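**Q** Given these sequences and hints, build the entire structure.
Under the working numbering, the residue at position 5 of the sequence shown is numbered 5, and the numbers go up by one with no gaps.
Among the clues, some could well be false.
Distance condition first, Cα-Cα at most 30 Å in a straight line; then the derived DSS-like pairs of lysine-lysine [to be verified]:
hint, residue 1, residue 2
1, LYS32, LYS43
2, LYS49, LYS28
3, LYS47, LYS28
4, LYS65, LYS47
5, LYS49, LYS73
6, LYS28, LYS46
7, LYS36, LYS47
8, LYS49, LYS86
9, LYS86, LYS73
10, LYS47, LYS32
11, LYS32, LYS49
12, LYS46, LYS73
13, LYS28, LYS43
14, LYS65, LYS43
15, LYS36, LYS49
16, LYS28, LYS65
17, LYS46, LYS36
18, LYS46, LYS32
19, LYS65, LYS86
Hints in this document: simulated from the structure, not taken from any laboratory. No experiment lies behind these values; they were computed from the predicted model shown.
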Amino acid sequence: MENTNQKHLTLEYRNYIEQALNHGMTFKEIAKFLSKDPTTISKEIKKHKIRKEPNTFNGCSNICKHRFSCRRKNVCGRNCNFLCFKCKRCNTYCSDFQEDICLILK
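**A** Pasting the structure below:
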């Protein structure tokens, strides 16, 4: 990317930041590529972040913070034999559901 002395980031820069984050790059790596300060990248992300629905963690549609330790079955009443943590429906029906908030976005 070319080094510009603009006060605001261009749409091209913002698109790059989004793609870089999707590929797991750090703020420092992104900033170096764009010739910007990592704080600029961090502030830009905090200012413009949005939550995409459905929320997923590593391809898992269940967003309950207990999903890795839960051993409950049939919370939704569908008489299935699967553990509830493998199903996104338990997020709606389970009385123990607590949303797992991503610490990076928080």
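**Q** For a C-alpha distance cap of 30 Å, please report whether LYS46 and LYS36 respect it.
**A** holds, 16 Å
**Q** Assess, step by step, whether the Cα of LYS28 is no farther than 30 Å from the Cα of LYS65, and give holds or violated.
**A** holds, 29 Å
**Q** Decide if the proposed pair is consistent with the structure: LYS46 and LYS73, CA atoms, cutoff 30 Å inclusive.
**A** violated, 38 Å
**Q** Are LYS49 and LYS86 close enough, with their CA atoms no more than 30 Å apart?
**A** Status holds; Cα separation ~28 Å.
**Q** Are the Cα atoms of LYS36 and LYS49 separated by 30 Å or less?
**A** Given pair LYS36, LYS49 holds - Cα atoms ~19 Å apart, limit 30 Å.
**Q** Run the distance test for LYS47 versus LYS28: straight-line Cα separation, threshold 30 Å.
**A** At roughly 17 Å apart (the allowed maximum being 30 Å), LYS28 and LYS47 satisfy the hint.
**Q** Is the hinted pair LYS28 and LYS46 satisfied, with a Cα-Cα distance of at most 30 Å?
**A** holds, 15 Å
**Q** Is LYS36 within 30 Å of LYS47, Cα to Cα?
**A** holds, 16 Å
**Q** Could you grab the alpha-carbon distance between LYS65 and LYS86 and see if it respects the 30 Å cut-off?
**A** OK: LYS65 and LYS86 at ~13 Å, within 30 Å.
**Q** Does LYS43 sit within 30 Å of LYS28, going by the straight-line distance between their CA atoms?
**A** holds, 13 Å
**Q** Starting from LYS32, check that the Cα of LYS43 is at most 30 Å away, please.
**A** holds, 15 Å
**Q** Does LYS46 pair with LYS32 here, judged by a C-alpha cut-off of 30 Å?
**A** holds, 19 Å
The structure shown violates the earlier hints numbered 5, 12.
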